[in-house]
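J.: The chain contents come next:
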Amino acid sequence: DTGVSQDPRHKITKRGQNVTFRCDPISEHNRLYWYRQTLGQGPEFLTYFQNEAQLEKSRLLSDRFSAERPKGSFSTLEIQRTEQGDSAMYLCASSLLPGTGGHGDSYEQYFGPGTRLTVT
Amino acid sequence: AQSVTQLDSQVPVFEEAPVELRCNYSSSVSVYLFWYVQYPNQGLQLLLKYLSGSTLVKGINGFEAEFNKSQTSFHLRKPSVHISDTAEYFCAVALTGGGNKLTFGTGTQLKVEL
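The listed protein sequences correspond, in order, to chains A and B. Just so we're aligned: 94 in my numbering is position 94 of the first sequence, and the numbers increase by one with no gaps anywhere. Just so we're aligned: 44 in my numbering is position 44 of the second sequence, and the numbers increase by one with no gaps anywhere.
Mixed in with the good hints there might be a few duds.
[Stated by the list, open to error] According to the in silico footprint, chain B covers these stretches of chain A (three or more CB under 8 Å from chain B):
no.: 1; segment: 30-44
no.: 2; segment: 48-56
no.: 3; segment: 111-120
[What the hints assert, rightly or not] In the EDC-like style, the derived pairs of lysine to aspartate or glutamate whose C-alpha atoms are separated by at most 16 Å in a straight line are:
no.: 4; chain 1: B; residue 1: Lys49; chain 2: A; residue 2: Glu108
no.: 5; chain 1: B; residue 1: Lys111; chain 2: B; residue 2: Glu20
no.: 6; chain 1: A; residue 1: Lys11; chain 2: A; residue 2: Glu83
no.: 7; chain 1: A; residue 1: Lys71; chain 2: A; residue 2: Glu52
no.: 8; chain 1: A; residue 1: Lys11; chain 2: A; residue 2: Glu78
no.: 9; chain 1: B; residue 1: Lys58; chain 2: A; residue 2: Glu108
Calculated from the structure, these hints are not laboratory results. For every residue, glycine included, the Cβ atom is placed at its ideal position computed from N, Cα and C.
Throw the hints in and build the complete structure from the sequences for me.
T.: Printed below as a string of structure tokens:
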């Protein structure tokens, strides 16, 4: 178990370009969450998956944001036509589905180190 | 909708002194409560949580918190801090039965000085 990993750790892009971030959760975790954290703020929930199903996406910031978890393992977050306001840290977390047992407590979310996006 | 307020953006404290980081929440339904810590260049790590039962919960690194339903508070305390406790601390809530989506406060920077 190597924890939650995110790639890349840093991304600098020009306004208008598309970017994609990857998150690899802890292997037996059913749930995967995406959050965004801007400077001086706490993380803000964006979307989450239970296995491959995206159970909530209404909090994605605009239709330029989309996320997938095609096989119920890793997930990607894509931002199309980036804007300077998209500059932030994007965090991924995973957890167990309550009642499934396995590694860790089902109410604890394990966070990755984040991907820092800078849009110039 | 639920919300979390951390009124203290920064808390300076001398090493070995006690500290309390304040957290108040607002929700019309029952919630789970969490404290996370974020060290520089590291991911968020769970310190402790309240789900139900005893209102005093103990976490890692000597931290504890007390859930007070009437005051809608979940303050974090440590009787004696160390330099290594310097970090950002976030209080968070999740609606019970709501997919465990976390709503975070704005964080409190704890700075421990010699």
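J.: Each hint should be assessed against the structure and marked as holding or not.
T.: We went through each hint and held it up to the structure:
Only residues whose beta carbon comes within less than 8 Å of a beta carbon in chain B count, and the segment 30-44 of chain A has 8; three or more means the coverage holds. Under the rule that three or more residues need a Cβ within less than 8 Å of chain B, the assignment of the segment 48-56 of chain A holds, with 4 such residues. Using a Cβ-Cβ cut-off of 8 Å, 4 residues of the segment 111-120 of chain A lie near chain B, which meets the minimum of three, so the contact claim holds. Distance hint between Lys49/B and Glu108/A is fulfilled; the C-alpha atoms sit about 8 Å from each other, no more than 16 Å.
The straight-line distance between the Cα atoms of Lys111/B and Glu20/B is roughly 12 Å, inside the 16 Å bound, and the hint therefore holds. A C-alpha spacing of about 14 Å is found between Lys11/A and Glu83/A, which places the hinted pair at or below 16 Å, so the restraint holds. Restraint check for Lys71/A and Glu52/A: the C-alpha separation of about 6 Å stays at or below 16 Å, so the hint holds. About 13 Å separates the Cα atoms of Lys11/A and Glu78/A, which keeps this hinted pair within 16 Å; it holds.
Restraint check for Lys58/B and Glu108/A: the C-alpha separation of about 15 Å stays at or below 16 Å, so the hint holds.
In terms of the numbered hints stated before, the structure departs from none.
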